[in-house]
Amino acid sequence: MFLRLIDFVFRPKVAYAHCDIPCGIYETNTLLMAAQTITRMVEVIEALPAKNPTARDRNNFIRCVHVKEKHADLCEEQLVTLWADFFKPDHFAKWPGLHEKIWKAVNLASDNKQNVSMDKAKELMASCREIADIFDQAKVEPKEDLGGAVSDNPDAPKKKLLGK
Amino acid sequence: MTAPFSFFVIKEESMLPAFKPGDRVLTFNWSRIKSGSSVVFKKRNKYYVKRVVGINKGMVAIAGDNKAKSSKMGPIKNDQIVGRVIWSGS
Chain U
0 MFLRLIDFVF RPKVAYAHCD IPCGIYETNT LLMAAQTITR MVEVIEALPA KNPTARDRNN
60 FIRCVHVKEK HADLCEEQLV TLWADFFKPD HFAKWPGLHE KIWKAVNLAS DNKQNVSMDK
120 AKELMASCRE IADIFDQAKV EPKEDLGGAV SDNPDAPKKK LLGK
Chain B
0 MTAPFSFFVI KEESMLPAFK PGDRVLTFNW SRIKSGSSVV FKKRNKYYVK RVVGINKGMV
60 AIAGDNKAKS SKMGPIKNDQ IVGRVIWSGS
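Sequence lines, in order, name chains U and B. Mapping to numbering that gives the first Met the number 0: the first sequence position 135 is 134, numbers consecutive. Mapping to numbering that gives the first Met the number 0: the second sequence position 63 is 62, numbers consecutive.
16 Å max Cα-Cα, derived EDC-like pairs, lysine to aspartate or glutamate:
no., chain 1, residue 1, chain 2, residue 2
1, B, K42, U, D72
2, B, K42, U, E76
3, B, K76, U, D110
4, B, K41, U, E76
5, B, K76, U, D72
6, B, K41, U, D72
7, B, K45, U, E76
By construction, these hints were calculated from the structure, which means they are not laboratory data. Just so you know, these numbers come straight off a predicted model, no measurement behind them.
With these hints in hand, go ahead and build the complete structure from the sequences.
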């Protein structure tokens with residue numbers, strides 16, 4: 000009865016004591032795609048006319064900013080997941096400065112939300128590539144055959160983005 | 000400016016025995032958080048409750064108390080935190 004009264008007055012929101020299941024599957028394709036999308040959006044935004052924009056220009060501007068923001072959020076999330084869940088203490092010992100690299104990349108993702116700057120977009124892309132390289136060196140490939148559950152060449156998009 | 004207090008109801012079990020499903024918690028949103036505090040934070044438009052296990056350069060490591068039903072959820076940024084749990088009841 001008392002709880003019902005409290006709920007009626009304060010209308011509590013739900014807070015999930017969420018149970019996370021560690022799947023053990025990590026990749027950096029998503030991170031690199033997100034960083035590249037940010038670069039592309041900055042390119043498109045900078046190409047829009049500054050003077051006398053049409054309604055279509057204004058529409059495109061808003062859409063591009065929205066996509067840039069979403070992908071910067073995605074970048075941050077991917078970086079933080081790698082930092083907390085994938086990289087272990089022995090990785091940080093083997094690659095000193097890895098903490099700072101990831102911290103810098105997360106802050107660059109945030110900078111790219113606040114700014115429209117090709118320099119910052121390229122800096123973020125370079126940071127993400129560095130971290131993806133370290134990830135590739137640190138990752139141990141699964142031994143079992145996934146039986147067609149993955150594409151024939153899951154690393155193809157990443158190799159292209161890394162220029163390999 | 001955020002409200003000083005917020006009120007939540009708990010779902011799921013990863014914070015047992017501190018909080019069980021159905022518990023109500025009150026957060027104080029104007030204090031600094033420190034290691035050991037239970038906090039409510041927002042991620043992807045949902046609220047979660049976990050315990051702070053470490054703070055490093057603006058990133059906060061959080062984990063559930065119920066190790067049988069929880070694992071690391073990954074660190075969060077300080078500005079994702081809504082507040083520190085100061086009261087719970089059922």
